[in-house]
Structures are given as C-alpha cells and as structure tokens.
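Novice: So the chains spell out like this:
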Amino acid sequence: MIRDITIGQYYPANSVIHRLDPRLKLVGTFLFIISLFTFNTFYGYIAVTLFLVSVIKVSKVPFRFIARGLKAVVVILLFTVTFNLFLTPGDPIFKLGFLKITREGLRFAAFMGIRLMFLILGSSLMTFTTTPNQLTDGLEKLLWPLRHIKVPVHEIAMMMSIALRFIPILLEETDKIMKAQMARGADFESGGILKRAKSLIPLLVPLFVSAFRRANDLAMAMEARCYRGGEGRTKMKPLRYHGRDYVAYLILLLYIAILITVRILEGLL
Amino acid sequence: MQIIFDKINYVYSSGTAFERHAIKDINLTIHKGEFVGLIGHTGSGKSTLIQHMNGLIKATSGHIYFNGLDIYDQDYKLRELRSKVGLVFQYPEHQLFETSVFKDVNYGPKNLGLDKLEAEVRTYEALKMVGIGEELWDASPFELSGGQKRRVAIAGILAMKPEVLILDEPTAGLDPRGRDDILEQISVLHKESGMTIILVTHSMEDVANYVDRILVMNQGSLVMDEPTKTVFSRYKELEQMHLAAPQVTYIMNALKQEGFHVATDITTVNEAKLEILKELKK
Numbered sequence: 001m002i003r004d005i006t007i008g009q010y011y012p013a014n015s016v017i018h019r020l021d022p023r024l025k026l027v028g029t030f031l032f033i034i035s036l037f038t039f040n041t042f043y044g045y046i047a048v049t050l051f052l053v054s055v056i057k058v059s060k061v062p063f064r065f066i067a068r069g070l071k072a073v074v075v076i077l078l079f080t081v082t083f084n085l086f087l088t089p090g091d092p093i094f095k096l097g098f099l100k101i102t103r104e105g106l107r108f109a110a111f112m113g114i115r116l117m118f119l120i121l122g123s124s125l126m127t128f129t130t131t132p133n134q135l136t137d138g139l140e141k142l143l144w145p146l147r148h149i150k151v152p153v154h155e156i157a158m159m160m161s162i163a164l165r166f167i168p169i170l171l172e173e174t175d176k177i178m179k180a181q182m183a184r185g186a187d188f189e190s191g192g193i194l195k196r197a198k199s200l201i202p203l204l205v206p207l208f209v210s211a212f213r214r215a216n217d218l219a220m221a222m223e224a225r226c227y228r229g230g231e232g233r234t235k236m237k238p239l240r241y242h243g244r245d246y247v248a249y250l251i252l253l254l255y256i257a258i259l260i261t262v263r264i265l266e267g268l269l
Numbered sequence: 270m271q272i273i274f275d276k277i278n279y280v281y282s283s284g285t286a287f288e289r290h291a292i293k294d295i296n297l298t299i300h301k302g303e304f305v306g307l308i309g310h311t312g313s314g315k316s317t318l319i320q321h322m323n324g325l326i327k328a329t330s331g332h333i334y335f336n337g338l339d340i341y342d343q344d345y346k347l348r349e350l351r352s353k354v355g356l357v358f359q360y361p362e363h364q365l366f367e368t369s370v371f372k373d374v375n376y377g378p379k380n381l382g383l384d385k386l387e388a389e390v391r392t393y394e395a396l397k398m399v400g401i402g403e404e405l406w407d408a409s410p411f412e413l414s415g416g417q418k419r420r421v422a423i424a425g426i427l428a429m430k431p432e433v434l435i436l437d438e439p440t441a442g443l444d445p446r447g448r449d450d451i452l453e454q455i456s457v458l459h460k461e462s463g464m465t466i467i468l469v470t471h472s473m474e475d476v477a478n479y480v481d482r483i484l485v486m487n488q489g490s491l492v493m494d495e496p497t498k499t500v501f502s503r504y505k506e507l508e509q510m511h512l513a514a515p516q517v518t519y520i521m522n523a524l525k526q527e528g529f530h531v532a533t534d535i536t537t538v539n540e541a542k543l544e545i546l547k548e549l550k551k
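Protein chains in written order, with the working numbering: chain S, 1 to 269; chain L, 270 to 551.
A portion of the hints provided could be inaccurate.
[Claimed, not checked] Cut-off 27 Å, straight-line C-alpha distance, at most; resulting in silico cross-link-like pairs (BS3-like, lysine-lysine):
1. K179/S with K505/L
2. K372/L with K301/L
3. K150/S with K176/S
4. K353/L with K379/L
5. K179/S with K379/L
6. K176/S with K346/L
7. K430/L with K346/L
8. K327/L with K176/S
9. K372/L with K195/S
10. K525/L with K179/S
11. K353/L with K176/S
12. K179/S with K276/L
13. K179/S with K301/L
14. K71/S with K57/S
15. K195/S with K379/L
16. K550/L with K179/S
17. K346/L with K198/S
18. K301/L with K198/S
Since the hints were made in silico from the structure, they are not lab data.
My request is simple: use the sequences and hints to build the entire structure.
Specialist: Rendered as structure tokens:
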C-alpha cells in the first residue's frame, strides 16, 4: 500500500537522459524553471511545452508515471488557479454576485496553472532519471566552490544522501510495523479524529525507536570505516563529462536562445 | 482442513517497472493441529505467503478458505480472522511500544474488545507461557535483553489465543541458547494446546527437530509439500534452490559411502546418535 508513493523516486530505464551527468541535469532543471517564469507568453509556452514533451519522450519514463506526482499537489494547484481567476482586477467578462472573472484573471490563472504543472513535471523528471546518489554527487560538485566561503558542502551532500536513502527504508519499516500491529488487532482506519490519532501511537513509537537505532548503527559503521568528513576523500565513481553531456549543454543553450528569439519577435509584432 | 489456498497469485506493484510476481499459483491445505515448516531461499516468497493467511495481503487472484469460509467474501470479518490466525513477524521485538511489558502484551487482547479482566487473564497466561517472570512485568520492554524482548512480542500474539500461530524466523539473530528456548516453548505449546503452528525458517536443523511436514518455496512457487524426512532425502534438489538438508544428514550419507551400514534418512542429532551406536554394537 505504502509502496505506491512515487515522489522523489527513481525510475530505472535505459535512456540518454538517465546516462547524462547529474550536474547537467541539475543545471538544466534550474534553467528550465527560470525559463518558466521569464518567458510567460503564449508562443514562449509553446516552445517550453515542446521542449518538456520531447525530453519526457527521450527519457522513456511513462508519462502516466510522471503525472502521478501531480496528484500530490492538485490541491495547491486548484487553490492558485481559483484565486487568480476570481481576484485579478481588470476587464470583467463574467459576473455572479460578488464573484467576477476578468480577461486578465483568466489569462493569469491559465499561465499559473501551466507553470506549476510544468514545474512539478520538470523537477520530478529529474528525480525519476537520476539516482539519489548521483544527485547528491552532482550537487556536491556544483556547490564545491562555496567551500571557500565556509559552506560545509560535503557534509550537506552527505546528510542529503543519507536522508534520501532513509526514505524508502522508513517507508518499508512503517509498512511492516503497521502490518505487525494490525496482526494484533490494531485499527488505523475507523473512529473519530482523537481515536485515530491515538491509534497511531503503536505505529509511531516503534518507528522512532527504529529510526534512532538505524541512525546509531549507521554512525557506528561509518566511524568503524574511519569516516571523518570530506577532507581528502576521493570518489569511487568520479563525475566526468562525456561527449553527450556537451551536446546536451548545447541543446540547453539552443533552447534558451530560441526562447529569447521568440520573445524578441513578439516584441517586434 | 483449517486453511486452504486455492490457486493464489500475488503481484507486487502491478503495472509499474517494479512489477514482481511474488507468489505463483499456490495450492495448499493446512490441517488443524499440524506443525508445519516453511523453508525457502531469501526472496522466495515465504513472508508474502504467510501474510495472505491472516488477510494482511490480498491475493491478486485465487481464494483462501479459513474453517470453510472464503476470507475474501464481502461480509467476512478480517479482524476476526487476524485474532484467530496469529502472525509473529520477523524481529517482532521491533513492534514493542508500550511503557511496560504487561501493557504491551495486553494491547492485542484489548483490541479484541474483551472486558478488562478477561484481557488481563489472557495477558497473564501468555506471559507465563513464554516464561517471562512476574518481576519483569512492570519493566519497560526496551530494557529487556534481545531474547526476552522477542518472547514478550510472541506473548503479545499468544494473548489473543489464536487457533493458528505463524512464526516468521522466530530465532533469527538469537544465540543458540535463546534459539533452543523459544523453539522448545513453541513445541510445548503445540503439544499442550493442539494449536496449529507454521514455522518459517532458514535453519534446516530447526525444522528437522520439530516439524512433521515441510513446505518448500522457490521463486514464488510451492515446489515441495511432503513429510520432513521425504523432503530432506531430496537434498540434491534442495541444494539447487540454495537450500540444504541438516548437516547431520550429510554426515550419515558420508558414513554410508565409507561403508558403514547406517540409514541415511536421519535428520536430527539424536537419531544419528542412536543409529551410529546401533551400527557400532553390531
């Protein structure tokens, strides 16, 4: 039951996108998000949509799998769209009591909805095609220059990768403890809010205990292997750019160039 | 016939890249009062199979009957089934949560909706059964030793007075002494109360010493379902499934090859001792 949560999950497939350097994917996602917010015109969004659709196609991750991530934010999405729709001042085209929809509001709501959706799709595509380890490796390398201003880059990356690694473990553990308590007659579904909250105690106490136990074991195991922070550590699989990564960077540049051209052309019209 | 599996299939995460056919076409009958062993390599589907028995996992296809009733029927009460089929998970001590040993064991019977006195009597009996002395009843379960914690967790299931008791690797991670203690108590329980017991284990010695019948799982299928001795006489096939016969069976086979006239269908150390003595006295 709990296995079906997909946010932040890796989807194994054999595609070019999967093989790309994680640094590139991080930079690419970042640029994509910026482009979403700066080129918000009709033709601009056509270009953005084409780009996103083709990247998803190339990644070989089934669309309905990525779309599942949208379910989690559907409430926020509806909220934003509704507010923009009704509360933007301007030229009214529909009126019902104190509610009115304006031309500007309609346009704003549509763009906002698309923007948020693309934001989720784009960033979940990154986590679907990159293993958590690669992701933190990429982040560490990208942020590496910041160590000069005393940012503990390695420690942050290590904490992130451990946290990510623990998510599936804790989910599995929750599933197991839930089943074990259900076998003892626990009931997590019925009753009022107070009763339900109380019924979670037999689940949460063992979960916390086991999280601490695991953290303790891990710290012990790391110390036993003489871990003492990032100083002088080398990687088993150091990140190196390949030909395809340079091609991908070129494509990214091209994408930005196209958007800028579209913007300029629209300005001229 | 207490539990019947009729063509049970189970598929994990169906329709995604992680799809896995964990259980394939299992037909199985467990009789009342049996002591059955379930063995298989890691990932062979043992744990998934037993979770079907008390309805924690619903089969993708097939039917399960408990005491003659289909447990997938609309109006079948799964919670009642769970009180009759007690399932002790692997490392059950990880599910302890209460502030005292007594309260923790009391959790199960309380959930059954019994009155306070009846629930406490059952708790009392269960703790006695697993040999946890009264001096520990008010202690926090987190203060106990590993073996004691496990016995408390098993008591938590026994206090619900199940008709069938399923134990998933009850001896994993215990020292030999703790292992023998727990298995001995289970065996006594079986003899005294006539409870049906299903023991899932990695240890061939454990099953050889206690069970009458062995089920062997391999890659999601039930490949053998026979009396203990028959299963272990087929140890060549077991080895192909990364399993083995008890070590003592191998010794007897080796002795036979060296020209001693001993039986090779020996599965416990005690039997082996008697057999070797018999041969030496000739």
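Novice: For this structure, which hints from the list above don't hold up?
Specialist: Of the numbered hints, 1, 2, 3, 10, 16 and 18 do not hold.
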